[in-house]
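Asks: These are the residues of each chain, in order.
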Amino acid sequence: MPLVELRRVTKRFGPIVAVEDVDLRVDDGEYVTVLGPSGCGKTTLIKMIAGIWAPTEGEVLVDGRDVVPVLLEDRDLGYVFQNIVLFPHLSVWKNATYSPWVRGLGEEEVSSIGKEVLRLVDLLDQSRFFPRELSGGAQQKAALARALANRAQLLILDEPLSALDSRVRLELRYQLRALVKDLGLTAIHVTHDQEEALSVADRVVVMRKGRIVEEGSPRELYRSPAHIFTSNFVGENNFLEGSIAKRADEWALVALRNQQYLWVPDGRHSVGRAVVLAWRPEYLDLRKGYSPNGLPGTVEGERFLGSELRYIVRLATEERVSVDVPLTHERFKVGEDTTVEFDYEKMLIYPRPYEGLEEALKLE
Amino acid sequence: MREGQGDTRNRRLSQRLLAFLSRRPIIATWYGAVLLYFFLLVLLPTLFVLSFVFTGWQAIQGLLSARPEVLGTIGSAILLSYQTAIIVTLVDLVFGLPLAWFLVRRAFRGKSLLNTLIDSPLAVPTAGLGFSVALFWGVTPFLDFKPFGSLGLVSSGLLILILLHFTTTFPYMVRSLSAILKEIDIDYEIAARASGASKLTATRTVTLPLFRSGIATGATLVLAKALSDTGGVVTALTTIGKFGVNTADCRAEGELNGTALIAAWKTLSDVAGCQSSEFTAGLALVAILMIVSALALLVVVKILTMRARIPMKRIFPTWEKRLSRGIAPRIRDGATFFFLIFLVLIPSFFLIGFLLVGSPEPIEWNTLYRSIYFSFMIAGVATAIDLALGIPMAIFIVRGGMRRLGRAMDVLVNVPYIVPSAALGISLSLFFTQQRLVPVPSLFFIVTLAHVAFTFPFVVRNVTGALEGLDPAMEETARSLGARPLQSFRRVTFPIIKASILAGAIMAFTRSVGETGATLAVAGREAIITAPVYIVNLILEEQNFYAAALATTVLISVSATAMLLMRYITRRAR
Ligand SMILES: Nc1ncnc2c1ncn2[C@@H]1O[C@H](COP(=O)(O)OP(=O)(O)O)[C@@H](O)[C@H]1O
Ligand SMILES: [Mg+2]
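Protein chains in written order, with my numbering: chain Y, 1 to 364; chain U, 1 to 574.
All the given hints hold, so there is nothing to weed out.
Cβ-to-Cβ under 10 Å is the rule here; a few derived chain Y residues that face chain U:
| hint | residue |
| --- | --- |
| 1 | ALA50 |
| 2 | LEU71 |
| 3 | LEU72 |
| 4 | ARG75 |
| 5 | TYR79 |
| 6 | VAL85 |
| 7 | HIS89 |
| 8 | TYR98 |
| 9 | VAL102 |
| 10 | ALA147 |
| 11 | ILE156 |
Derived DSS-like pairs: lysine-lysine, alpha-carbon spacing no greater than 25 Å straight-line:
| hint | chain 1 | residue 1 | chain 2 | residue 2 |
| --- | --- | --- | --- | --- |
| 12 | Y | LYS115 | U | LYS313 |
| 13 | Y | LYS115 | Y | LYS181 |
| 14 | U | LYS321 | Y | LYS94 |
| 15 | Y | LYS94 | U | LYS313 |
| 16 | U | LYS302 | U | LYS182 |
Not the full set, but computed from the structure, chain Y residues with beta-carbon under 10 Å of chain U:
| hint | residue |
| --- | --- |
| 17 | LYS47 |
| 18 | ILE52 |
| 19 | ASP74 |
| 20 | GLY78 |
| 21 | PRO100 |
| 22 | ALA143 |
| 23 | ARG146 |
| 24 | ALA149 |
No lab work stands behind these hints: they were computed from the structure. Computed from a prediction, not measured in an experiment: that's the story for all the values here. Think of the CB as a built atom: it goes at the ideal place given N, C-alpha and C, for glycine as much as any other residue.
If we strip away everything but chain Y, and leave its shape as in the complex, we get (with noise of 0.2 Å):
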């Protein structure tokens, strides 16, 4: 039985519907990212699972209870806010142990479990301190751990790492995914940075004004993504556009722009049926000459990425590329001609969405 689970959820602020028709199920033990551009209504889904709002429409069930009656202070779930929010007049200590106190419990109990979950986040030696004098990083820790001590199996980050230094976040981000493993706990967590969400789930749900798009594993989510939107906003990909010209048994000659053809293995679109395909810019290549499997270009730009150089490409149909190779790769200069190489094992094909495609992967 899933731990938590959304039927036909909606949730409308006067004219602007935040949350639209969404069915989630998380079960007992998961680490669930819920992955959106911001605004996409991601803090709307969890406040109604926290029970800050009630749902306008749809049901929310935990443990098969209905839970929209039951108030904020009797759902028994930690909740971790972007903006942190410790209490400033309280210190660290009595900030964790404010849930324990709150609910009446004995002054040794208190004590025990404020040790226990500052040990957690290795905070205990800064627990006299108050929330001002600690760093970001230290602060969400300190926030963490008072929401341990409400001593629930259900744990709710909102965006937990996206007011920290970049450094300071990819740290936390591993200890975050261990300690909800280790203590056994669920955890439905909110990111709108891809690589955050893809790094600690078990599973991304991805969302899109206001609505799931799709979900899976983070493996799934990025090798093939089943909608458009997603292939481009859980990394980043190439589009060309084009329709199916003539088929042959598995394979396709897609007609792109500008009289350019390609031949890609593709069995499922009829003839005449306009499409995308769809590479990451690390399955393509670039070399000097004619290719049978690829299409001229011309150099535009080049940057570097680090461990990788990107060039920038405008292909024979006018539409740009990226593409990302070696530094060991041979070099080109801009404006240099060059034949972009594609990896027909790695590509995706898509219908071509009726409102268009950059309609389609608009963020909102």
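Given chain Y's structure and the hints, the job is docking chain U with the ligands onto it.
Replies: Frame of chain Y; chain U with the ligands shown alone:
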């Protein structure tokens, strides 16, 4: 063609003027002039009466030996003032907190209507409020009939003053509480409740402690207002027959508080048969005691709210939970609205009903119009001076670059506001009759200066608040693009703080129009008759309640129109 040239020439001229005025020595001179004015004509006169302890010690001793009972009279009057102010502050807090919560944290229709209702008693001058409240609650010995709907219950001075000051202070309390509650992120409360705290526990342990400054501001405003009011006190006490000036015996009679005592003695000091030197000493003594104790009380309030440990150590989870849901919050909200309606709104506007049932009596329309004209003249001139001085003063405090002096001014500016205005009036008139530094053209001039003294803080407070919230980077950007300081102020800062300047001006103006104490203390009841003084005179001398109600109603409509007009302009300005 020629017009275009004239335009350019004008612009060039104004630019040269701005550049000239922006020069360092000019700005320094300007700041200096403002500070000089403040110290010489606001702060010094306000506290001048304190010097009477040294200069007039013999007069005070003489008074005390000739009339030993005076000390008791002063003592009980001041005690009554403080009892009233403290009780009113506590009750206002009890009902103001839930109401502020309701206004800030809940979305509902008619919120702006509720806001207007809460503010509406501010449109009634306190002289009218005192009379209205007393008509509603009190026994009315001078009336030969019981007005329809009046309760006729209260004959105690303390009780009527408490009931009066609910109406004069509650709007201020709710306003300042909700202004600061708005700034407190609701996520703190959510975090507390997600940790298992009931609403009551979350409020008690998290929101209230974060809210201290709001409580201190609200309490300070209410205390100052309740201690300071004169017009309302005199009319309320007169209406229930607890204020009298016995000119035959040269005695004040009834249940007087501090400001009422000042008003009564001031009247007696002008009476030919009474020894005015005695009253001068007595008035100075009352003023000194009230000023010193008011300043002390405010320090105490500040310390209390900052030190008090509101999150008590003990938690009672089951009880607090039970009180947080079901019937208890509904009883709380019900009681709050009952308070608002029956103890604030209805008593405030009861006098309008009285107009409908009372028997019409003649009113001297000419005197009424003249008094309203006087009130608006004084308020207008005072507000203009407030703006001319208050804006540079606020800039000096926030941006002056002299941290110590700036911070000191920030505190000092509040002194004339905190000091009860009747005491301030006594001090001012003493200053202007004794000093030789500044020539005194007329009584009107002194009254206007008195009004500047206690309305000036409104402008400074509002403008410093807005300037502190403003990113100095905006002005610096303008400066980096070549704007002179004064230009960048006019083009960048001024448009942004315009709303706050207007808000300050409205507060200063309405406070001035409604004020009685300082005017009475400076000019007595005959020399300069502003509208509130006229209302006091109607009630005190003639017991002409009908005319007083009519005059108040006229004044309410005029002020309400002025306020609406200003609000309209403010909205346009945004
Ligand atoms: N309390 C509210 N009142 C009105 N609109 C809101 C409220 N909270 C959120 N919204 C709107 O709902 C949409 C989703 O917001 P949110 O859930 O905060 O997005 P995210 O967390 O993904 O950035 C936004 O368009 C936002 O403006
Ligand atoms: Mg959000």
